[in-house]
Amino acid sequence: MKFVEQLGAKALAAVETLGDYLCFVGTILYWTFRGPGRFARRQLLLQMFDIGTLSIPVVMITGAFIGAVLAIEALPQFQSIGLAGRIGSVINISVVKQIGPVLTAVMLAGRVGGALTAELGTMRVTEQIDALRAMATDPTRALAVPRFVACLIMTPVLTVFSDVLGMAGGWVMAVKVNAVDNAEYWLHTREALDLYTINTGFIKAFFFGAAIASIACYKGFKCGPGAQGVGRACTESFVLSFITILVMNFFVAVLMNALAPSGGGMF
Amino acid sequence: MQSCLIRLVDLRKSFGRNVVLDGLNLDIHDHESVVILGPSGTGKSVLLKHIVGILRPDSGQVFFRNQRIDNLSERNLEPIRKRFGFLFQGAALFDSLNVLENIAFPLREHTDHNDSQIRAIVADKLAMVGLSGTESKMPADLSGGMKKRVALARAIALDPEVVLYDEPTTGLDPIRSDVINELILKLNDELHVTSIIVTHDMTSAFKVADRMVMLSRGKVIAEGPPNAIRTNPNPEVQNFVLGKASPEDLEALHRNK
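Line by line, the protein sequences are chains A and B. Just so you know, we're using the working numbering here: the first sequence kicks off at 78 and counts up by one. Just so you know, we're using the working numbering here: the second sequence kicks off at 6 and counts up by one.
Among the clues, some could well be false.
Just a few of them, taken from the derived set where beta-carbon distance is under 8 angstroms, the chain B residues facing chain A [to be verified]:
#, residue
1, C9
2, F20
3, I59
4, R61
5, E79
6, F93
7, A97
8, F99
9, R113
Hints listed in this document are in silico derivations from the structure and should not be mistaken for laboratory results. All of these numbers come straight from a predicted model, not from anything done at the bench. Beta carbons: idealized from backbone N, C-alpha and C, even for Gly.
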């Protein structure tokens with residue numbers, strides 16, 4: 078009986094947290110559209126630099142190597158059936174639709190999500206968030222909105238860097254190292270990679286950015302006392318963002334395929 | 006008879022099983038300097054946070070100028086909060102902003118002043134706390150006492166009616182503590198604010214108080230002008246004023262030997 082009771086209590090707590098998180102996201106959206114004030118507007122460019130510009134090298138390096146690995150793993154299979162030239166379409170669709178946005182989001186969840194949670198969590202335990210409230214300022218408006226908007230804008234931009242380097246990595250391994258015909262490689266790529274496919278990746282990135290920023294800010298605002306509380310909030314923030322990215326990736330893929338003009342390929 | 010500025014009525018607040026405020030009643034009048042005393046953990050800071058609605062009571066009421074504020078939404082509380090300045094125990098300066106931007110924060114949020122007007126106000130507030138020329142310093146570059154003075158400059162940036170001080174001298178050496186005490190007196194004098202100071206530093210308390218209120222176990226156990234508190238017959242008050250451990254505390258120490 079006690080087990081059922083505990084299970085019920087945990088389920089209720091989870092539903093309560095979800096409701097609280099959704100209210101938090103609602104407040105962010107309300108202030109984003111209503112105008113978050115002078116301070117938040119000044120913070121936006123700084124946050125875009127921190128979240129976006131400083132993440133470019135990490136995203137480029139990981140993108141390039143994943144593209145390269147895709148090429149060397151898939152090429153022998155294609156060569157064995159005499160379709161080596163088709164590898165271009167496989168690598169580039171994988172990079173643009175899946176690997177680019179997901180990898181960028183995962184890197185951001187680690188690099189930016191953790192840092193946002195740690196920063197806001199530390200502000201909470203050192204009473205800086207209380208100080209904002211005492212100065213008649215909604216902390217969600219002043220702190221969460223610029224971080225959220227910066228993430229929304231910069232995640233698709235970073236995805237471009239990841240996509241370009243991923244495509245470059247795959248091309249180098251396929252064409253330059255393994256002598257796949259260059260013209261054939263790009264011909265198949267062009268056939269497979271339409272604007273809808275490219276936009277699918279960017280739409281995913283947009284949703285991932287929203288999820289990373291809102292989860293990181295929520296966890297920072299709700300973090301427990303002391304250094305242990307901040308540490309725990311950072312871990313929870315990353316794990317939750319990571320899971321959300323993968324789950325969201327599935328549902329956005331299903332939705333985008335359902336909406337695809339030509340019926341679209343599976344994911 | 007001075008008008009009642011803040012009225013706390015039968016305030017109760019618990020955190021889990023820990024009862025922090027237990028039916029507390031208190032009136033604070035215009036332009037007075039009230040020191041709230043009490044041992045650590047008796048709810049002094051919690052009381053201060055109830056006055057600006059950072060914490061909400063489990064039951065009881067908080068009035069500001071006869072308007073009930075404990076049941077207001079965060080948005081409706083904002084106009085009230087602009088009339089308060091709050092000096093936090095750890096200063097609570099924004100780490101990522103320099104001194105200028107910290108003090109400019111409430112001005113940018115709540116006024117239409119342009120950059121040069123804001124700079125002029127910040128310079129004026131910094132001069133008031135004796136820290137002219139420190140605008141470009143980051144909080145990490147400031148000593149504990151300087152941080153509190155910058156935080157005080159930020160607290161008075163919007164010319165509040167009431168300034169709340171949460172342990173303003175804690176963690177400072179006696180000389181820096183006295184600088185803060187002098188600053189509180191100067192602000193009372195020049196800005197004609199009402200000051201509510203939470204402290205357990207008796208030197209500071211006797212220097213800045215018009216009236217003292219002593220809390221214990223979430224209730225007011227003594228209240229009056231400094232001399233009345235100094236001569237209060239309650240042994241708990243006497244032990245606190247003289248900085249003496251109570252016989253019960255001593256017995257507990259020896260029992261554990």
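Fill in: Unsatisfied constraints (hint numbers, rising)
1, 2 and 4
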